[in-house]
Amino acid sequence: MPPYPEALNCAALTHAAAKIGKGTPQESVLFDQLIYWGMAAADSGRAAGKSGKTVDAEVAAQSAQREGRLRAQDGAATAALAACVARVPALDN
Numbered sequence: 002m003p004p005y006p007e008a009l010n011c012a013a014l015t016h017a018a019a020k021i022g023k024g025t026p027q028e029s030v031l032f033d034q035l036i037y038w039g040m041a042a043a044d045s046g047r048a049a050g051k052s053g054k055t056v057d058a059e060v061a062a063q064s065a066q067r068e069g070r071l072r073a074q075d076g077a078a079t080a081a082l083a084a085c086v087a088r089v090p091a092l093d094n
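Just so we're aligned: 85 in the numbering used here is position 84 of the sequence shown, and the numbers increase by one with no gaps anywhere.
If you are wondering where the hints come from, they were derived from the structure by calculation, not from laboratory data. All values reported here derive from a predicted model rather than from experimental measurement. Take these hints with a grain of salt, some might be off.
[Stated by the list, open to error] DSSO-like mimics (lysine-lysine), calculated; alpha carbons at most 27 Å apart, straight line:
| hint | residue 1 | residue 2 |
| --- | --- | --- |
| 1 | K20 | K51 |
| 2 | K20 | K54 |
| 3 | K54 | K23 |
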């Protein structure tokens, strides 16, 4: 399980990417990535003593910040998103 700050960052990035990608052919893949990192953030948050409501609020707040950076094609944000996506295990279909 990744440390909470790392899981929170990836959850926020994938949440922002999923919002941007809504209605695109990539929507289902983005959703899977969001679910993976959302669950990782919830598990890490619980281990760090945070409530589910707190984790959800922190993901939402950071996602709003990350969305603007991703829309602007900020290099650091897109690289961080790519690193998070690379860590999502392959799903069996």
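Now the hints, each set against the structure:
The suggested pairing of K20 with K51 holds, with an alpha-carbon distance near 25 Å, which does not exceed 27 Å. This hinted pair checks out: K20 and K54 have alpha carbons roughly 20 Å apart, not beyond 27 Å. At most 27 Å may separate the alpha-carbon atoms for a hinted pair to count; K54 and K23 meet this at roughly 24 Å.
This entry satisfies every hint, going by the numbered hints stated previously.
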